[in-house]
Amino acid sequence: MLIKRAVDIRSSEITPKSLYLNRRKFLAGAALAGAAAAVGLEVNDIVAPSASVLAGNKIDGIKKSSFSTTETITPYKDVTHYNNYYEFSTEKDEPAELAKNFRTHPWKVKIDGAVEKKQELDVDTIIKMAPPEERIYRHRCVEGWSIVVPWVGFSLSELIKRVNPTSKAKFVEFTTLMDLGQMPGQRRPVLEWPYVEGLRMDEAMNPLALLCFGMYGEDLPNQDGAPLRIVVPWKYGFKCAKAIVRMHFTEKQPNNSWNLSAPQEYGFYANVNPNVDHPRWSQAKERRLGEFSKRPTLMFNGYGDQVASLYSGMDLKKNF
Amino acid sequence: MRKAYSSLSRRNDNRNFMSRFVKFVLFLAALLPLARLVWLGFHGGLGANPIEFITHSTGDWTLIFLLVTLSITPLRRLSRQYWLISYRRMLGLFAFFYGCLHLMTYVWLDKFFDAHEMLHDIAKRKFITAGMTAFTLMIPLALTSTKWSIRKLGKRWQTLHRLIYLSAAAGVIHYLWLVKADLKKPLEYAFVLGTLLLYRVVVWFIARTRVDRESRTAVPTAG
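Residue numbers (our numbering), protein chains in the order written: chain A, 1 to 320; chain B, 321 to 543.
One chain only, chain A, in its complex shape (with noise of 0.2 Å):
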């Protein structure tokens, strides 16, 4: 009975109150929540939210774009209380509150390597450089879980193109700030600091490959990485690297943070690949956030027809 109420739940009424509901939902008729969220996924009408404000400031002429899924958009809360952000703490549903003074303006970004115009740009110059554009995507972490985000901001490319990258450029290299005082995870040796990910050039040129800078129609929460990162959809969620402050082309591929921790459990590729399973967990399933039963997972994270052709040759088993 209570399972229908999954249908009311569109995206202006995406508030704690409906998140409540959704939780007693889900416990009062966990074994049909399953069956819900598939009668949810016709929902085809959840755009960004307009008439309600989340958090911060509204994003003004967000254009659609064709890479977007039509799949059931995660609640927001879900996705600002639940992020694995180890600068702030190694639990999820603490970044939302270390992070709530976290200071994005002024914001400086070094691009800087094998590129013609090194400089340093200002977060809002780089905002300012293509149309921002809503795209929402399918997010996996590698821990086994999914949400779905609309986040906006326009492709990886359009700023590369802007600094022409000479020959040598093969890889970028992206730094997340470094700041014990305002993240307290840094002081912590869990993961080698600053954070460090990494794209080959070919998967950084991708379209889908997105500059991140709001979500929701709306700036991007601390938590969730702002002022600026990266979304990489057909990757797990860790090669999105957040609070980005230096972006360096170089020629040999980087030491990314996630690999350096720990070789044998993360590669440098990370694609979302449900038949080459994390050593200590299977790939092959995920529990996409709100639901109930795991669905299957998809290769590439279901943007194999973007993407797959990267990878052509490629033993994705030993590149994993």
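Please keep in mind that the hints were generated in silico from the structure rather than gathered at the bench.
Since we're looking at a predicted model, the values are computed, not measured.
Everything hinted at is true.
SDA-like mimics (lysine to any residue), calculated; alpha carbons at most 25 Å apart, straight line:
#1 B:K444 with A:Q264
#2 A:K285 with B:L496
#3 B:K446 with A:Q264
Have a look at the derived ranges for each label pair, beta carbon to beta carbon:
#4 A:D60 with B:L351: 51 to 59 Å
#5 B:K504 with A:E158: 34 to 42 Å
#6 B:L486 with A:G313: 47 to 55 Å
#7 B:E437 with A:P131: 42 to 50 Å
A short, non-exhaustive set of chain B residues, derived as facing chain A with CB atoms under 7 Å:
#8 G367
#9 A368
#10 D502
In this text, a Cβ means the ideal position worked out from N, Cα and C, and glycines have one as well.
Fit chain B to the supplied structure of chain A, relying on the hints for placement.
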């Protein structure tokens, strides 16, 4: 005579009543972690991933009850509060209870009773192997926790129940092997368990040297 006797029996009655009362309160207190989960569940407090929350919470409480059970012996010896022993069985059974809930969240909410997948997990994933070992070792302990078993098994009961050391160690290893990078919490459990086990080693060692010394001093008199 008669008066003294009745006052003594009244004192025994009182002590009995107190002991039962404390046991009852302890029983309710041990149910609080479960009550909390249920309450949070109905008030939207389990966060974005309720199943993960339940899994972690029941796992934590299994380990906590195991460690509390293991701390009874050192506590009662060091504080000379020997009556503490009367609560040990219940605490151990609560460890088993939360272990069952923890296992159920895995079997039902994580694997949806897919036996093939679970067997695959147990064989292939070290942390699942360790967790299953920890749980399996608790089963004979729970089954032989009755007074009847204690009487029936005699000395062997104590030997059998030393399995709790292995079970707790496997439980802590299970936790250590499953975390991604932050070892802080499993290491806290490992530290407490290490201390509790070290106490036993020290006690055993002291007892042994005492026996040694006594047997050595006994030699001349015998000769």
